[in-house]
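My request is simple: use the sequences and hints to build the entire structure.
Under numbering that gives the first Met the number 0, residues 0 to 359 are what the sequence shown spells out, in order.
What the hints contain is simulated information worked out from the structure, not anything from laboratory work. Hints are not guaranteed to be accurate.
[Said to hold, decoys possible] Derived lysine to any residue pairs resembling SDA-like cross-links, with alpha carbons at most 20 Å apart:
no.	residue 1	residue 2
1	Lys5	Asn267
2	Lys222	Ile255
3	Lys301	Ala96
4	Lys301	Leu83
5	Lys5	Ser58
6	Lys339	Gln101
7	Lys301	Ala104
8	Lys301	Ala98
9	Lys222	Leu259
10	Lys222	Ala281
11	Lys339	Ala96
12	Lys5	Ile324
13	Lys301	Gly277
14	Lys222	Thr273
15	Lys301	Ile146
16	Lys301	Leu23
17	Lys339	Lys301
18	Lys301	Met316
19	Lys339	Ala103
20	Lys5	Met272
21	Lys339	Ala84
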Amino acid sequence: MQKQTKFATLDGMRGLAAIAVMALHLNFTPGVPGRMSSAHLSVDLFFIISGFVIAHAYSERLTAGMSWTEFMLVRLVRLYPLYLAGLALGLLWRISALALHQPAAMTAVDIGRAAILGLAFLPAPSNGASTDAWPLNPVFWSLFFEIIVNLGAALVWRRLTGLALGLIVLLGATALSAVAMTLGSLQHGYQFHELWAGLARATFSFFAGVAIFRLGERAMAPKLPPIVAVALIAAILLCPVSHGVRAAFDLAAVLIAFPLLVAAARNNPGPIMTRLFGALGAASYAIYTLHRPLIGVADVFKDALALPRPLYATGFMVVVIVGSIVIDRVYDLPARRWLKAHLDAERGALARTPRSSRTR
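Below, the structure is given as structure tokens:
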């Protein structure tokens, strides 16, 4: 049987989830509607899809001996160009707020420290202006933990038996349950005092995605039509939930619903929906990494725009979605190609260098 190479329905899920996170964060801008009370679960869905897709793309190579350093270089090539763009926008956001003497502005020292540490994906403390561990771009917490679980997977891949994988998923589920029951929801992991929650979310969801891939057909619920699978994801992310049942809802979504929907979503839609889902999936990373500092920049100048609130929020999302599709094509893809070519050239030069010359 020919190996499936494209998962358009998963692309649609990723695109929808990125838009949901953007709408959620728009609510945090004073006076702008758009709260999606369950959209924070988009990140857990991202991790599950990431585990599945990475296992699909790299399982054979990692099993055959691909080193963890080579794998992590590949992952950094994928993540870093848009990460760097998001960091630059975060600098623009915070410097603008400082220049305009906004009450909650970060200090120049805090901005500089966050920028330097941010170049290496690391969190940075701030003296009260922001409670986020990544104050230049708060969504970076999930990319940090994506790198952590990617590294962990690469280090243990050849010893990751079915039993070991099952134990990791079980421990991750236990830690995830502790997050929800202790903190009241899964909307945690991006502040210094709760980084353990971010690790729990990433660990369970990423390795659950790996498990779904390994189980293959055995993991699949009855195959769902692509539009139904994406619609069910939308229903979960849009679902308003009261505080009293928030922890239970979050756990049910992440531990049960998302894995089943990802497992059941391997069918590709027709040509038109495949193109639409593909475009949204390709733009999803740009939407995710760029929207939060753009909201911050827009917030700095929002009063000068004097737009009605619904028009402001809707227009912002349309601009970011369209802009992300363009950025994916004119910046991210070329940047990744350049980085890959550069690294391939370096590896080729190293391979041609006599071993004795490398130690001199």
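Against the structure, the hints come out as follows:
1. Distance check on the hinted pair: Lys5 and Asn267 sit about 8 Å apart at the alpha-carbon level, within 20 Å; holds.
2. For a cut-off of 20 Å, the pair hint linking Lys222 to Ile255 stands: about 16 Å separates their Cα positions.
3. The suggested pairing of Lys301 with Ala96 holds, with an alpha-carbon distance near 12 Å, which does not exceed 20 Å.
4. At roughly 25 Å between alpha-carbon atoms, Lys301 and Leu83 are farther apart than 20 Å, so this suggested pair is violated.
5. Our distance criterion of 20 Å between C-alpha atoms is met by Lys5 and Ser58, whose separation comes to about 16 Å.
6. Restraint check: the Cα-Cα separation between Lys339 and Gln101 comes to about 41 Å, which exceeds 20 Å; the hinted pair is violated.
7. Distance hint between Lys301 and Ala104 is fulfilled; the C-alpha atoms sit about 16 Å from each other, no more than 20 Å.
8. Of the pairs offered as hints, the one joining Lys301 and Ala98 holds, with about 16 Å between alpha carbons and a cut-off of 20 Å not exceeded.
9. Distance restraint check for Lys222 and Leu259: the Cα-Cα separation of roughly 10 Å lies within the 20 Å cut-off, and the hinted pair is therefore satisfied.
10. For the hint linking Lys222 to Ala281, the alpha-carbon distance of about 24 Å lies beyond 20 Å, and the restraint is violated.
11. This hinted pair does not check out: Lys339 and Ala96 have alpha carbons roughly 36 Å apart, beyond 20 Å.
12. Proximity of Lys5 to Ile324 is assessed by CA-CA distance (about 19 Å); at most 20 Å being required, the pair is judged to hold.
13. For the hint linking Lys301 to Gly277, the alpha-carbon distance of about 32 Å lies beyond 20 Å, and the restraint is violated.
14. In summary, the hint linking Lys222 to Thr273 is supported, as the alpha carbons are separated by about 17 Å, within the 20 Å threshold.
15. Proposed proximity of Lys301 and Ile146 is contradicted: the alpha carbons are some 34 Å apart, above 20 Å.
16. With a C-alpha separation of about 18 Å, the suggested pair Lys301 and Leu23 falls inside the 20 Å cut-off, and the hint holds.
17. A hinted pair counts as satisfied when its Cα atoms are at most 20 Å apart, and Lys339 with Lys301 does not qualify at roughly 39 Å.
18. Note on Lys301 and Met316: the hinted pairing holds, with a Cα-Cα distance of about 14 Å set against a maximum of 20 Å.
19. Taking the CA atoms of Lys339 and Ala103, the gap is near 40 Å; set against the 20 Å cutoff, the hint is violated.
20. For the suggested pair Lys5 and Met272, the alpha carbons sit about 13 Å apart, so the restraint of at most 20 Å is met.
21. Among the hinted pairs, Lys339 with Ala84 is consistent with the structure: their alpha-carbon atoms are about 18 Å apart, no more than 20 Å.
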